[in-house]
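Work out the full structure, taking the sequences as your base and the hints as a guide.
Protein chains in written order, with this note's numbering: chain P, 2 to 537; chain W, 275 to 590.
Hint data in this document are derived by calculation from the structure and do not stem from the laboratory. Please read all numbers here as calculations on a predicted model, not as lab measurements. Among the hints, a few may not be true.
Okay, the calculated bits of chain W under chain P, using three or more residues with CB under 8 Å as the criterion [claimed, not checked]:
# : region
1 : 282–294
2 : 386–394
3 : 559–573
Computed spacing ranges between beta-carbons, pair by pair [said to hold, decoys possible]:
#  : chain 1 : residue 1 : chain 2 : residue 2 : range
4  : W       : Lys335    : P       : Leu31     : 53 to 59 Å
5  : W       : Phe504    : P       : Ala22     : 56 to 62 Å
6  : P       : Ile224    : W       : Ile583    : 50 to 56 Å
7  : P       : Pro245    : W       : Asp421    : 55 to 61 Å
8  : P       : Pro245    : W       : Ser444    : 26 to 32 Å
9  : W       : Leu484    : P       : Arg442    : 30 to 36 Å
10 : W       : Leu484    : P       : Ala22     : 28 to 34 Å
We put the CB at the ideal spot given by N, CA and C, even for glycine.
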Amino acid sequence: MLTTLKRFFSPKTQPSDNKIAPLTPLLPPLLPSKLYLPLYNERQLYLQAKVSISQHILKNQIIAEGIEPSALLHSPVAGTVLDIIQHPSCSSPQKKVQTIVIQPSMEDPWKDEPTLPLNEEIIYSQLALLSEKKLEILHTQLEKSGIMGMGGAGFSTIEKIKISHRKAVHTVLINLCECEPIISCDQGLSEQQPEEILMGTMSLLNCIQAKQAVIIIEDNKAIAIKKLQSYLQNYPHITLKIVPNIYPSGHEKQLVSYITNTTLTAEEKPYDLGYAVFNVATCYAFYRACHLGEPLTQRLITISNGEKNINQWALIGTPIIELLDAQGIKYDSNNQNLIMGGPMNGLALNNSHIGVAKNTNCLVVLPKNQTHTSLEKHSPCIRCGECVAVCPSNLLPQQLFWYAQAQQNEKSEQYRLFDCIECGNCAFVCPSKIPLVHYYRQQKKDISEKKLEQYKIQIAKERYEKRLIRLEEKRQKHQKMLEQKRLQAQQKLAQKNKQKALQPTSENSSQEAVSAAVAKARATALSRKNKNQSKD
Amino acid sequence: MPFHSPPFITNTNTISVLMSKVLLALIPALLIWVYLYGAGSIIQFFLCVITCYSIELLILKIRGKAIRLFLQDGTAMITALLLAFCLPPLAPWWLSVCACIFAMLLGKHVYGGLGQNIFNPAMIGYAIVLISFPAEFAVWQGSFLNDINIDFKQAFGVVFLQQEAFSYSSATLLSESRGQAIPTNINWLEQPSFYLSISFLIGGLFMLLLRVIQWHIPVGVIIGLCLMVFLAHSNETLLDSLSFHLFTGATMIGAFFIATDPVSAATSNKGKFCYALMIGVLVIIIRTWGNFPDGFAFAVLLANLSVPIIDRYLKQ
Numbered sequence: 002m003l004t005t006l007k008r009f010f011s012p013k014t015q016p017s018d019n020k021i022a023p024l025t026p027l028l029p030p031l032l033p034s035k036l037y038l039p040l041y042n043e044r045q046l047y048l049q050a051k052v053s054i055s056q057h058i059l060k061n062q063i064i065a066e067g068i069e070p071s072a073l074l075h076s077p078v079a080g081t082v083l084d085i086i087q088h089p090s091c092s093s094p095q096k097k098v099q100t101i102v103i104q105p106s107m108e109d110p111w112k113d114e115p116t117l118p119l120n121e122e123i124i125y126s127q128l129a130l131l132s133e134k135k136l137e138i139l140h141t142q143l144e145k146s147g148i149m150g151m152g153g154a155g156f157s158t159i160e161k162i163k164i165s166h167r168k169a170v171h172t173v174l175i176n177l178c179e180c181e182p183i184i185s186c187d188q189g190l191s192e193q194q195p196e197e198i199l200m201g202t203m204s205l206l207n208c209i210q211a212k213q214a215v216i217i218i219e220d221n222k223a224i225a226i227k228k229l230q231s232y233l234q235n236y237p238h239i240t241l242k243i244v245p246n247i248y249p250s251g252h253e254k255q256l257v258s259y260i261t262n263t264t265l266t267a268e269e270k271p272y273d274l275g276y277a278v279f280n281v282a283t284c285y286a287f288y289r290a291c292h293l294g295e296p297l298t299q300r301l302i303t304i305s306n307g308e309k310n311i312n313q314w315a316l317i318g319t320p321i322i323e324l325l326d327a328q329g330i331k332y333d334s335n336n337q338n339l340i341m342g343g344p345m346n347g348l349a350l351n352n353s354h355i356g357v358a359k360n361t362n363c364l365v366v367l368p369k370n371q372t373h374t375s376l377e378k379h380s381p382c383i384r385c386g387e388c389v390a391v392c393p394s395n396l397l398p399q400q401l402f403w404y405a406q407a408q409q410n411e412k413s414e415q416y417r418l419f420d421c422i423e424c425g426n427c428a429f430v431c432p433s434k435i436p437l438v439h440y441y442r443q444q445k446k447d448i449s450e451k452k453l454e455q456y457k458i459q460i461a462k463e464r465y466e467k468r469l470i471r472l473e474e475k476r477q478k479h480q481k482m483l484e485q486k487r488l489q490a491q492q493k494l495a496q497k498n499k500q501k502a503l504q505p506t507s508e509n510s511s512q513e514a515v516s517a518a519v520a521k522a523r524a525t526a527l528s529r530k531n532k533n534q535s536k537d
Numbered sequence: 275m276p277f278h279s280p281p282f283i284t285n286t287n288t289i290s291v292l293m294s295k296v297l298l299a300l301i302p303a304l305l306i307w308v309y310l311y312g313a314g315s316i317i318q319f320f321l322c323v324i325t326c327y328s329i330e331l332l333i334l335k336i337r338g339k340a341i342r343l344f345l346q347d348g349t350a351m352i353t354a355l356l357l358a359f360c361l362p363p364l365a366p367w368w369l370s371v372c373a374c375i376f377a378m379l380l381g382k383h384v385y386g387g388l389g390q391n392i393f394n395p396a397m398i399g400y401a402i403v404l405i406s407f408p409a410e411f412a413v414w415q416g417s418f419l420n421d422i423n424i425d426f427k428q429a430f431g432v433v434f435l436q437q438e439a440f441s442y443s444s445a446t447l448l449s450e451s452r453g454q455a456i457p458t459n460i461n462w463l464e465q466p467s468f469y470l471s472i473s474f475l476i477g478g479l480f481m482l483l484l485r486v487i488q489w490h491i492p493v494g495v496i497i498g499l500c501l502m503v504f505l506a507h508s509n510e511t512l513l514d515s516l517s518f519h520l521f522t523g524a525t526m527i528g529a530f531f532i533a534t535d536p537v538s539a540a541t542s543n544k545g546k547f548c549y550a551l552m553i554g555v556l557v558i559i560i561r562t563w564g565n566f567p568d569g570f571a572f573a574v575l576l577a578n579l580s581v582p583i584i585d586r587y588l589k590q
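Okay, here's the thing in C-alpha cells:
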C-alpha cells in the first residue's frame, strides 16, 4: 500500500530489467581462430609491442607494455604472432590503432608461462598489517597482473590500490549493482564464484590496508545474496549491503551515497571521503592474480540480442563476431546497433571484428528503430518534467537541454551540467525522444575545450608579460655594464695620459695611437650595439 | 551521418501517447457536457477541432515544419477541446473560430510553436474573445437539467444563422451570485457545473494514476483556492463557500487540465506548486472582487507570466 502510494506521488520510470535467469551456467571460453589485441588501452595510452611477427608465444606471456607499469597485455593463448596491423579497437571504434594479431596454436593453446609470484600475507581471510616496504614490493609484483577496472572505465587497478593506500582509504566498496538492463555477468559471477569474490576482496583490503569492505548488491539478485551470505561468517571484515534496484545505482557516486547519505559533487572522488570502489569482476581477477598467480587474460561477458542473454567467458581479444556467431546472434550493421556495455550507457561499436577488451562487460545487438536516430527528427521539448523525476543527480535536464541548444555555457554550469553522470535516464523517459545525453556530452566537450583554450591564452599572456620584464631587465643590466666599461676606459685613458706626460717617448706615442684607435673602434661598436638593443 | 548516442533504448512514451491519455481523461466530461447541452455542444466541438487543425496545418506549412510529426502529436486537439469547454455551447460560429485562431496563432505559433509558448494557448484564445465580445458570454445556454433541450436544427440556426438564442438561456451559478453573498443550501444535484466538476475530477485522478500529470499543480491550485476562500469569505459559512468555489466554473477543469499544461507551467516541483498556489489565490480574488464571473483564464495567464521568475528562484 505504502509503496503504491509512493509510486503514485513520485513517478519513477525505469527501464525494464530484462536480466538472465538466476543460476544460468556460465559458458566456458571459446577458442577463436584469431585474437586481436590493440596496442592502445582504455585510458587512451599507447602500448609498445614486446613481441615480433611470427614469434611463438606462450599463454600469459607479456606481449606489450605501456608507460604506466601496470598497463600490460598478456597473451590469452599459446600461439604465433601473425601480424601487427591497423585495426579499430573497443576504446577507439572510429579510428584504427596498431593491433597484435595472434593465432592460437593447434597443439596446445593453453601451454603457459610460469605464473606470478604468490604472497602468503594477503591470501588469508584476516586483516594483515604490512610494512610500507612489503606493500611496495607487493604492488610492484601485482603490477605484472595487468588488471584493469572491469566495470567500464578501465582505470588501472594497481594504480587505484596505490592511490587508495596513499589517501588512507578505510572502506572498500565492492560494486555488485548491475543496474543496467540486460547486463548480468557480475550476477552470474557472484552466483558461481561467491567465495572467490570474498577472497579477492580480502586481498584487496590487505593491499590497501583498509579496515573493512562492503559489498553493495541490488535486491533483484536473491541467489547471489544468499550464496555470498553463506560464506560471510568466515570473513568478519566484509559486510553485505542490499540496495533497491534503481537505475543507475551502480554508478560510483550513487554507491557512495548509499553508504554515506551524501552525494559527491562533480569534483569530489570517493577517496576524498575515505572510500574506494571496485567492480566485482575486478575483485575476481584480483583473486586469480593473488591466489593462482594468473594475469588477466579472460573475462565474463553478457552476450545478448535484447531477448536472449547468455554469460560467457571470453579471452581478451576474441573478435566480437565469433562470440555472436557462437550464440547464433546475427548482426546487420545497417539495421542494428552493436553496443558494448549496457543499452543505457554503452558505446556503439558498429564493427564486429573488434577484439573484446578488459572492460567489455556486455555486447548487445539491438535494432536501430528502438533508438534515437537523428538530431532533427525529435519533437520539441514540452517541459513535461519526466526527466526531472528520474534524474539521479537531481538536475533539471530540460533546462540543461535549453541552455545546451542555446550554447549558454555559463547558464549550464550554473545548472550543474558537470554533475550529470550521463546515465541516460532522462533520454529514456523523454516523450519527445530527444537525445539529451548527446547534447550534454557535446556541451561538456565544448566547455572543456573553451576552458583549455582560456587556460592556454592565460599562460601565453603570462609568458609574454614575463618576457617583456625579462627583456627590460636585460637591457638595463647591459646599459649599466656599458656605463661601467666607459668609465673604466676613461679612467685608463686618464692614467695613460698621465704616464705619457711623465715619460714622453716615440714608442709610447705610437702605442698610444694604436690603443686610442682601438678604444675609438670599440666605442663605436658599442654604441651601435646599444642602438640595436634599444630598437629591440 | 549515422547517429550513435546512448541510451539505445527508450520507453514507449511519446507526446502523442501522452496527449491521447489526456484525451481519454477528458471523455467522461465530454459525455456529460454533450448530455447537458445537447446538439449545440456537438457542433461547437467539431467547429473548434476543425478550425484548430486547419490553422495548425496552415501555419506548419508556412513555417516549413514537419507536418506529420506535429499534426500527430495531438496538442491541437487538446487545445480545441479545452476551448470548446470554455465557450458557450450556443456561441455564434465566428466566436469559436476567432478563439481558435487566436489560440493557435497568438497562443502558440508566434512564439515558435509547440514547446515554446509562454501562455496556455487555449486560455489566450478564450481570454481574447471574452474581453472582445462580452455580450456573447452573457448568454449561456440552459442545460438539460433546466428542461432545455434543443435539436440540431435549432442549434445550427443559433450558431450559424444568428437566430435568437435568448429563449434557451439561463444564468449560471457563478454569474448569478456575482457581487453578492455566496448562496447557501445549493442543491448540487440540480447544478450542471457540479456534474461537470465531478467528471473533470475523475479525469484528473485518472491522469494522476497514469502519471500523465504530477500532483503538484492540481493540489497546489486547490490548496491556494481553499486558502483564499478562507481569507476572503471568513464571514460566511466556510463549507458553503468552499463547495461553491470548488464545484462551479472552471475550477476542476482548470486545476487538472489547464494549469497542468507543462509548456507554460513552472519547471521544478517546488516551482510548480508555487505556480499552482498563485493560480488558486488569483481565481478567488478575481471571482470575489473582479469584474468577471470566473477568473480562471486570467489567473492562469498571470501565473504564466510569472513562470520565468519562479523558475529563476525555485530551481530545485
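Verification of the supplied hints:
| no. | hint | verdict |
| --- | --- | --- |
| 1 | 282–294 | holds (count 9) |
| 2 | 386–394 | holds (count 4) |
| 3 | 559–573 | violated (count 0) |
| 4 | W:Lys335 <-> P:Leu31: 53 to 59 Å | 57 Å, holds |
| 5 | W:Phe504 <-> P:Ala22: 56 to 62 Å | 58 Å, holds |
| 6 | P:Ile224 <-> W:Ile583: 50 to 56 Å | 54 Å, holds |
| 7 | P:Pro245 <-> W:Asp421: 55 to 61 Å | 59 Å, holds |
| 8 | P:Pro245 <-> W:Ser444: 26 to 32 Å | 57 Å, violated |
| 9 | W:Leu484 <-> P:Arg442: 30 to 36 Å | 32 Å, holds |
| 10 | W:Leu484 <-> P:Ala22: 28 to 34 Å | 31 Å, holds |
In the structure shown, a violation is registered for the earlier hints numbered 3 and 8, in ascending order.
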